[in-house]
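Q: Chains X and S, in that order, give the protein sequences. Just so it is clear: in the first sequence, position 168 is 168 by this note's numbering, and no numbers are missing. Just so it is clear: in the second sequence, position 132 is 1132 by this note's numbering, and no numbers are missing.
Keep in mind the hints are simulated off the structure, nothing from the lab. Just to be clear, a hint being listed does not mean it is correct.
[To be verified] Heads up, simulated DSS-like pairs for lysine-lysine below, C-alpha to C-alpha not over 30 Å straight-line:
id: 1; chain 1: S; residue 1: Lys1179; chain 2: X; residue 2: Lys111
id: 2; chain 1: X; residue 1: Lys116; chain 2: S; residue 2: Lys1164
id: 3; chain 1: S; residue 1: Lys1167; chain 2: X; residue 2: Lys107
id: 4; chain 1: S; residue 1: Lys1179; chain 2: X; residue 2: Lys61
id: 5; chain 1: X; residue 1: Lys107; chain 2: S; residue 2: Lys1164
id: 6; chain 1: S; residue 1: Lys1179; chain 2: X; residue 2: Lys54
id: 7; chain 1: S; residue 1: Lys1164; chain 2: X; residue 2: Lys111
id: 8; chain 1: X; residue 1: Lys125; chain 2: S; residue 2: Lys1179
id: 9; chain 1: S; residue 1: Lys1164; chain 2: X; residue 2: Lys152
id: 10; chain 1: X; residue 1: Lys107; chain 2: S; residue 2: Lys1179
id: 11; chain 1: S; residue 1: Lys1089; chain 2: X; residue 2: Lys54
id: 12; chain 1: X; residue 1: Lys105; chain 2: S; residue 2: Lys1164
id: 13; chain 1: S; residue 1: Lys1179; chain 2: X; residue 2: Lys18
id: 14; chain 1: S; residue 1: Lys1290; chain 2: X; residue 2: Lys125
id: 15; chain 1: X; residue 1: Lys152; chain 2: S; residue 2: Lys1179
id: 16; chain 1: S; residue 1: Lys1167; chain 2: X; residue 2: Lys125
id: 17; chain 1: X; residue 1: Lys171; chain 2: X; residue 2: Lys116
id: 18; chain 1: S; residue 1: Lys1167; chain 2: X; residue 2: Lys105
[What the hints assert, rightly or not] Far from chain X, by Cβ distances over 10 Å, these chain S residues were calculated:
id: 19; residue: Leu1007
id: 20; residue: Phe1056
id: 21; residue: Ala1098
id: 22; residue: Ile1101
id: 23; residue: Leu1158
id: 24; residue: Phe1215
id: 25; residue: Ala1271
[Unchecked claim] Partial pick of chain S residues on the chain X-facing surface, computed with a CB cut under 7 Å:
id: 26; residue: Lys1170
id: 27; residue: Ala1174
id: 28; residue: Asp1178
id: 29; residue: Leu1184
It should be emphasised that the depicted structure is a prediction, and the values quoted were computed from it without experimental measurement. The C-beta atom is built at its ideal place from N, Cα and C for all residues, glycine as well.
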Amino acid sequence: MLTLNNINVYYGAIHALKGISFEVNKGEIVTLIGSNGAGKSTCLKTISGLLRPKEGTLSFKGNDLTAVSAPEIVSRGISQVPEGRRIFANMLVSENLDLGAYLRKDKAGIKEDMEKVFSLFPRLKERRRQLAGTLSGGEQQMLAMGRALMSKPELLLLDEPSMGLAPILVKQIFSIIQEINSLGTTILLVEQNARMALSIANRAYVLETGKIVLSGDSKELMESEEIRKAYLGG
Amino acid sequence: MGSAGDLILQQLINGISLGSIYALIALGYTMVYGIIQLINFAHGDVMMVGAYIGWFCTTVLKFSFLPALIVAMFLSAVLGVIIERIAYKPLRNATRLAALITAIGMSFFLEYGGMLIVTPQTRTFPSVFPQTVYTFGNVAFKYGDIVIVITTVILMLLLQFIVKYTKTGKAMRAVSYDKDAANLMGINVNNTISATFALGSALAAAAGVLIGVYFNTIDPLMGIMPGLKAFIAAVLGGIGIIPGAMLGGLAMGLIESIVSGIGYSTWRDAAAFIILIVVLLIKPNGLLGKNIREKV
Ligand SMILES: Nc1ncnc2c1ncn2[C@@H]1O[C@H](COP(=O)(O)OP(=O)(O)OP(=O)(O)O)[C@@H](O)[C@H]1O
Ligand SMILES: [Mg+2]
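In isolation and in its complexed conformation, chain S is listed as follows:
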């Protein structure tokens, strides 16, 4: 294989790793939007909190990767539920703009509250994995790449299972489609919304921990850029649609890596936005967006 081929393959590997992380974050945006039509701007910051919990578990408590991941996911789920109950629930019947502004406020609160607690300084994530690099010709896989992809695939399968087959998952789909009708089935709408925040926040925390172990450093503002990109990924795939977030996340990661790989890394972020705009011009509801209309 020629060096151009190797280069592309290498960027594909990087892109899939990065895209997996975006996808995990994008899922939370899309699920929350699907159920209460709110763009939860604090979602990237929940990811940051998850990363810090993972950091604390691995450095201070000397946990290995998996227990640290689970603790971070669990505590962030609780945080997500608290945020929803305190900040968003009282505004459920307010205008969407009011809720959006509250979400931005919550984002600042977590970022600057985070700085107060953990200081603005960058922290180094301990290397929880062997720093092995597998090479095939000129293409290099890090051990971390494999962990990211496997973790993401497992979490996505788990999410699909929950959403498709469990009672809570069916309730989530019902509530996002029609709250009053869900209420008439005996579904507790508030608890279902909480469950959605819990799941989305847990996935964001997983992404946070993966970013920590992959890029080694974390800081209180680390949620902003990946959060924004994951949001774009969710819109790209079709906001409110779970497979759309997965696809959108992967697409974003790949676009970024390929644009950087061919030597235009300064255009990396712009490329993502341009592709978003083009896709939305052609498919305003995103790649997987469709309208199932009710027959009356």
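Extracted from the complex, chain X is given alone in its bound form:
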């Protein structure tokens, strides 16, 4: 479904992604794990069109994405929940969700998806008339995910959804991710919480300083000595 081929991304002189290739198949949950500064967010931003690769190609459902603008990528069916949520704190919860559906014109479909989001995150329904900035951290994460779902994506990119959340909330968010996946959305999940990510993913890629150093089935990776030492705390 999504294929990255030898992607190289630079920030000025900093070579952040050094020839990354991987793929995500329809229906999967794939996780990209790695420590701080490995290049995980850079990778998602490149897929979303916020950054341009200097070299390499990206394709989605057989169409080239390399020179496609960020808004157009949304309309092709990829939606990102950015690191740190990036909700519009100055706007209402309902307005944030409306913005998620910015490119859609099917009013009835939008309404239906709004209900779906509310059934995944009942808390958002209670708070829909509230300023998004007044939500708690966990609620903001839910809003960021709900907002991304409002574009009706085929592929959802999640950048560290567990960041800054209490363990119980992390569990809840991860089970919702599984639920979203079971409803038919393919997921690419970026995480530092490798244990949680591997526990729900089908496959995983491990990123270290801009390169993929390991990949495979998540269960197998979970057993591997290298992963246990570096990412699962022994």
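Assemble chain S with the ligands onto chain X, guided by the hints.
A: Relative to chain X, chain S with the ligands alone:
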């Protein structure tokens, strides 16, 4: 009512008219600042161009007030978009100082370009309204006062509606809050910035036409002082905050009228600056400025 009361009331009426005009101009400063953090120093000059378009429509084309207002607003909106695309967009990632200097350059360009085209001479605006003066006791309302206030109120309600309820308005708020996040929603950031310039310039043009019909004369440098004062009004209300610009504009108009009314008209401009400084000392983000912090 005593004569002191009448005097105050009279100055309030003048102040509200003047303040409405400042508010209309201040909105453009604040909206543009809100979205690209640029103080658009050419904004007062766009107001001047709007006034000239209004003048041309009423004198040469013999339009009445409303069609002239609409044409001036529309053409100035186009001008605002062109200015942004040509002068500011290429500098979007440059330093803020570079953009600011460009804005000052654009201001000179419009002022002196304007002089070349329309000559530096002052033009008289035709009287598009009856020169009726309504008097209540010793307090006088001009027909023009009523038109200014009604026009301003309608335009502000319209703006509030656009910003609050339309797709473009929501996109504008989203882009001013977080451009990358807006991009991830599928919002075209460049088009949204253009829409902001269009709206701000249209409001400035309306102010220009109102100044023309109210004060009867226009000239190519007429944008400088009201532009500066509207900018102060925007800062006073809290730059980037739309209701702040409305409030700041009205406050500026009232301060000026009252200071003149009590016989210190030479202190009129200084008073505005002093109040600005005092307000900023107490509330550095302006009267309505506040910070909504994100919880992380
Ligand atoms: N805007 C930027 N300008 C310059 N360098 C950047 C920029 N953004 C990221 N980098 C650098 O690129 C590298 C990869 O950063 P990235 O944000 O992709 O890491 P990450 O894996 O998402 O880390 P984290 O887990 O901390 O979010 C880092 O070395 C970082 O310093
Ligand atoms: Mg990151």
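Q: Which of the listed hints are broken here?
A: Violated hints: none; all satisfied.
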